[in-house]
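J.: Whenever a hint applies, use it, and build me the whole structure from the sequences.
Listed below are the residues making up each chain.
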Amino acid sequence: MVKRKHLLGLQELSKEEINTILDIARPMRDIIMRDIKKVPTLRGKTVATLFYEPSTRTRSSFELAAKFLSADTLSINVSSSSVQKGESLIDTIRTLEAMGVEIIAVRHQQSGVPKFISLNTKMSVINAGDGFHEHPTQALLDLFTIKQKLYKIEGLKVAIIGDIYHSRVARSNIWGLLKLGAEVTVCGPPSLIPVEIEKLGVRVEINLQRTLEWADVVNVLRIQKERQDAGYLTTLDEYRDWYGLTQEKLEKLKGKKLLILHPGPLNRGVEIDDYVADSPNAVVNEQVTNGVAVRMAVLYLLAGGNESGNVD
Amino acid sequence: MLIKNGNVVMVEDGKIRKMDVLIDKGIIVEISPEINRSDVEVIDIEGKFLIPGLIDMHVHFRDPGYTHKEDIHSGSNAALAGGFTGVLMMPNTDPPPDNATVIYYWKEKSKSIPLNILFSGCITKNRAGKELSKFYELKEAGAVAITDDGNWVADGAVFRHAMEYAAALDLLVITHPEEPTIANRGVINEGYWSTVLGLRGIPKAAENIAIYRDIEIAKMTGAKLHVAHLSTAEGVRLVAAAKKLGLKVTAEVTPHHLVLTDEALAGYDTNLKVNPPLREAEEQKALLKGLLEGVIDVIATDHAPHASYEKNVEFNDAPFGIEGLETAFPVLYTELVLKKKITLEKLLLKMTVNPAKILQLPKQGDIKKGNYANLTVIDPKLTLKVSEELLVGKSKNNPFLGRTLTGWPVMTVYQGIVAYQRLLKGVQ
Ligand SMILES: [Zn+2]
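These protein sequence lines are chains A and S, in that order.
Residues in the first sequence are numbered from 1 upward in steps of one, following the numbering used here.
Residues in the second sequence are numbered from 1001 upward in steps of one, following the numbering used here.
Don't take every hint at face value.
Stated by the list, open to error - Once the Cα atoms are required to be at most 27 angstroms apart in a straight line, the calculated BS3-like pairs of lysine-lysine come out as:
hint : chain 1 : residue 1 : chain 2 : residue 2
1    : A       : 199       : S       : 1285
2    : S       : 1369      : S       : 1340
3    : S       : 1396      : A       : 122
I should point out that these hints are in silico values taken from the structure, not numbers from a laboratory.
All of these numbers come straight from a predicted model, not from anything done at the bench.
T.: And the structure:
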């Protein structure tokens, strides 16, 4: 059952709710594969993307998802300059509401903003990534992709690698994976492992090679180069040597097959090598396709769709 | 004035007795089981507690500079409604009191207010941590304490010299302990919840390190150090150790640190964003233990009003601080006294006698013959839901909104004058 008004994070979803979304993403994906990628399901509804942080990838994915379901779409990019002009977030929300928007997907550099908006609006709010809190649709598409490739989640060993501290993808993945019965290890430089993360139910591992030997699936996080001056990283070279997914490290696994995910965009040569990124085990492009399908499922369910998934 | 039939709480001997209290010219002149007079105003408070007027040594009245949040009048109204008859104003104003001018402004503006308003001056010019304020001038103008509250004086040499002057001038130094580079722009306690919520954490070490340094400097200089709003177990241990050494170190804790933990932040409620942040249950236990064992001398509200439009924003952008004067007593009565975690007398020791001692206030802090008639009547049965309408201060950023609390102040008497009376529909 998904009887929710908002999708703010995977922390708040039950296992059943997550499975419902993944189940409905399947027929949605079929729609994307058709020649005419359009169903009338959300005709007459208006979906807005409200992005306070640029992300062409996620924004386009939401917009396409809405368009494939025949919703009207509106895309608002709020640059920091217009924030400086003094329009508060609350003002922006009231404006969108007054324009008749029913669902908004919000991306914001601060944690908690989608929750804050949900308390101050009649619209349905989808968290499209907030600070280093959650990015639920990314985690849902990761789960969908893993299931598509390995047919299950339960019992899998999944490693999340890189800057865990600043990663909303990591947090949403952790909630989702644990709820669906996977084991999770987070692996990264010690300065980027958040305190008390074990209390979420994950293992912490500092050594990448050991982590790779343990894992069935690795989710490689994007390293933000600008974090370097904050004293989190020694050097990018050292990061690559210690935590980059390189050909050499995979070869040491002697033929063991790892499913490799990456939320994109890739920093080739930093957290992932060309060779690895372009290898058949890496499913970066499938993730992008599945992202649209999962977002269609989320929009459909929040707009009041039933669980049969009969969307034609 | 004659107050009859009150359950009088005399804090220093820890007893509650049914007594009549006679007041003349603002002074308590007689306390006896039965006083009958027909020539004075008689107030019968049968069934209610008569306690010494509460004293809060940590309030922000935002005047001058931020009077949209609060001003001396609205802050005083909040204090009186909360049962307080004395407050110490912090210097977080614009301009701040780094010289006598602001103190004179405060004195002038508070002259006719029936509340003992005490003034603190800044440690450094503009609270910027670089150059010392005019200490002699501040002392002469009437400042009883100096502090840069909110800004820990990170420069050790500056703080050392400030403490040397403070020792010589007998000024209390109040420290807001937080080493800023370790706090590193954190917004909540660093721990499980900062990790889950993806918010920058303030490690407990930031507070502990600052307390340790300040105590060492108190040891060097002999100055009186008061540690504001303790929030960590290690902080309690450090203060206990300093007291054992015989140093003139005292400490306070806030009601919100005693009754709330960081788990309450799960919904990103900015009305719970405070500095120091709400910590975990283990820290909270240590604070209560420190309070019971006498390590922590005082409960102070850190009343920090903000306008709702300032708080109703993204979490990182919201200012730290919560409105505290009006609900302090009912919160503590409901959560600690009624749950038998502390006795009423001990609670009052921390809110009346001890702050009066630390601030060197003569004839205040307890119900005694010869003391000022600064008294508060508490209705121990009165149960009210905290709502914006109930709060009289300018700001409504109270973390207990929506909660039902018992034991509200219903009358505040300042030097024999009824300065506040709670008027309720259907309630006497
Ligand atoms: Zn403070």
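J.: Check each numbered hint against the structure and report the violated ones by number, ascending.
T.: The structure breaks only hint 2.
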